[in-house]
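A.B. asks: Take a look at the letters that make up each chain.
Number of protein chains: 4
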Amino acid sequence: MITIVVGTNRKNSVSRQVADYYKSILDNKGATSQVVDLVDLPGDFPTSALYEENGNNSDFNTIREKVQSAEKLVFVVPEYNGSFPGVLKAFIDGLKYPEGLRDKKSALIGLSSGVQGGVFAMSHLTDIFNYLGMHVLALKPKLAGIEQNFSEGKVTNNLYNQLLNDQAEKLISF
Amino acid sequence: MITIVVGTNRKNSVSRQVADYYKSILDNKGATSQVVDLVDLPGDFPTSALYEENGNNSDFNTIREKVQSAEKLVFVVPEYNGSFPGVLKAFIDGLKYPEGLRDKKSALIGLSSGVQGGVFAMSHLTDIFNYLGMHVLALKPKLAGIEQNFSEGKVTNNLYNQLLNDQAEKLISF
Amino acid sequence: MITIVVGTNRKNSVSRQVADYYKSILDNKGATSQVVDLVDLPGDFPTSALYEENGNNSDFNTIREKVQSAEKLVFVVPEYNGSFPGVLKAFIDGLKYPEGLRDKKSALIGLSSGVQGGVFAMSHLTDIFNYLGMHVLALKPKLAGIEQNFSEGKVTNNLYNQLLNDQAEKLISF
Amino acid sequence: MITIVVGTNRKNSVSRQVADYYKSILDNKGATSQVVDLVDLPGDFPTSALYEENGNNSDFNTIREKVQSAEKLVFVVPEYNGSFPGVLKAFIDGLKYPEGLRDKKSALIGLSSGVQGGVFAMSHLTDIFNYLGMHVLALKPKLAGIEQNFSEGKVTNNLYNQLLNDQAEKLISF
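Protein chains in written order, with the working numbering: chain R, 1 to 174; chain L, 1 to 174; chain H, 1 to 174; chain Z, 1 to 174.
Wrong hints could be hidden among the right ones.
Subject to a maximum C-alpha distance of 20 Å in a straight line, what follows is the list of computed PhoX-like cross-link-like pairs (lysine-lysine) [as the list claims (entries may be wrong)]:
1) LYS170/L - LYS105/H
2) LYS66/Z - LYS170/R
3) LYS105/L - LYS170/H
Covered stretches of chain Z, going by a simulated chain H footprint (3 or more residues, C-beta under 8 Å) [stated by the list, open to error]:
4) 7–16
5) 40–52
6) 90–103
7) 167–174
These aren't lab readings, by the way, just hints derived from the structure by calculation.
Ideal placement from N, C-alpha and C gives every residue a C-beta, glycine not left out.
Isolated chain R (complex conformation):
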């Protein structure tokens, strides 16, 4: 089972749409996957699911279990303020430690409205994921200008599609 994480809790995010699209790519290649959208996190998780409350919020636990039980993970990460959304890192801070992500394999996709494509988001996450013992595929597509390259549920840019398909195949055999 591959779990695809929507890396923001924004409602109706483009990241969610890209995650659904990525699931269709994995479906086509015969790999089973599910989407976890951080929009479903309980709103008060910073005070009800972290630190001394780690593991005590059952709604939070339902979501984190879909991440912790996966063998492989995909993170669709929009660029917020030059890096990943804080909520994504706060979610990671609420995982079981150290077994939450250790020895899993992951693929990262960056999104941005602007030209950077989430390049720092992916670099910073690679530092964090490697620190936690999770492997990260070298190929991390940066989907800059996502609004101009996504329409009706599909990535419309040929290069982006090539990169996403290449990455999905590498993840399956990772």
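Fit chains L, H and Z to the known structure of chain R by using the hints.
C.D. replies: Using the frame of chain R, we list chains L, H and Z on its own:
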């Protein structure tokens, strides 16, 4: 006015104690400062103060105003999962953009129980702060093994004290 | 005196042309500057000017002295293999330590043929320069697609020119 | 074949000794490996093997071929000025592009006299290697205080040995 930000919402954090200690250093040098502790953030701010709700949570706004109105900022940042706390970045994601941090000057201090001293936390934050147009002092003390080097409200390690005092002086004249 | 460093030893580099252009910006603002081009490094400096040979190569010393004696520095850095040129870092490895760059102030400009604009080159250099005690301006223009935006010795992109002028003014008052 | 790269051209480096020790670990696990020491690079390679001279220096080519022909790579990297040695990056700048490192698998080990253990060296290299399409194992041992933890050709610190052995096993099955 210098605002010192406690970079976690953990209750009774060591970071808070280090922030109070840093305030006493600034006091001794004649610089006016205040401490803002992210423990005071409303627990549900990820759903009530970000994105389309940006600016709509008055409790959140009270805290962010102490940051946005400062000319200089100090961030006391514990290492969580190899980087900064997600809650700190989520707080940054709730600031006014782009004027929230632009052209301010900042000093970063990293804390850790382990040996890294928050080295990635500070590097990642520097990427983010520079992206947002805020300057960061080169000297970023890394207080590794903080529990063994802090007692009764004071940093007890001579090197750490030297670094914190040097940094405070540089910040005042930055 | 501001020293502008051409961050590659490639002959007839675009970086050199951008450095000369940057000098004209500083000239117009009344700031005195000089250009140092790493193409002038002795070809064998990795064996004649580093480690136990540090300080022993007079040709190398002539160049490094223009860097070490400056109060402020500008680095024009092309993207090579996703970061800065190795030769630039090898040059830095041959500076006097720790006084070579400590407490200086610097401005970074990234160049690339592709779309990244040297974003990692600048982030990695910021880590290194801050480690060495040199301050780095938050604003680091990323001149992506430089070949399409530079002609007859001048940057032709209006946004790029705005950023370079803003940065130059900030550096002068840094 | 696994190629172990000594990431500096310093003579008689500790990195070389650690590379030889790592080879003995791989030998014990039945994996074939060879050590490439950058001390063997021709001293003038920055002017004779890069850019328009790429591929034209036969001594340089002999060394790079041992790297380019390997399926898996180990990099033993000392911390110089808060990151990797510039000479290592300059060597990378002289590889064939893009096929030089693409799709290979790698393991990184950081060394330092001080307390950081080359943490930035490994983070920066991960950015670069991933950019070039080479996978990097999540586990990157940081051998801080190497002089106190290495004696007579052997790492003497039990934790370090555990990490190196774990990494070597992961690399073999990567």
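A.B. asks: If a hint holds in the structure, say so; if it does not, say that too.
C.D. replies: Quick rundown of the hints versus the structure:
1. LYS170/L - LYS105/H: Roughly 13 Å between the alpha carbons, so the hint for LYS170/L and LYS105/H holds.
2. LYS66/Z - LYS170/R: 25 Å, violated
3. LYS105/L - LYS170/H: Satisfied, since the Cα-Cα distance of roughly 13 Å is no more than 20 Å.
4. 7–16: holds (count 3)
5. 40–52: holds (count 10)
6. 90–103: holds (count 5)
7. 167–174: Result for this restraint: violated, n = 0.
When each numbered hint is compared with the structure, violations occur for hints 2 and 7.
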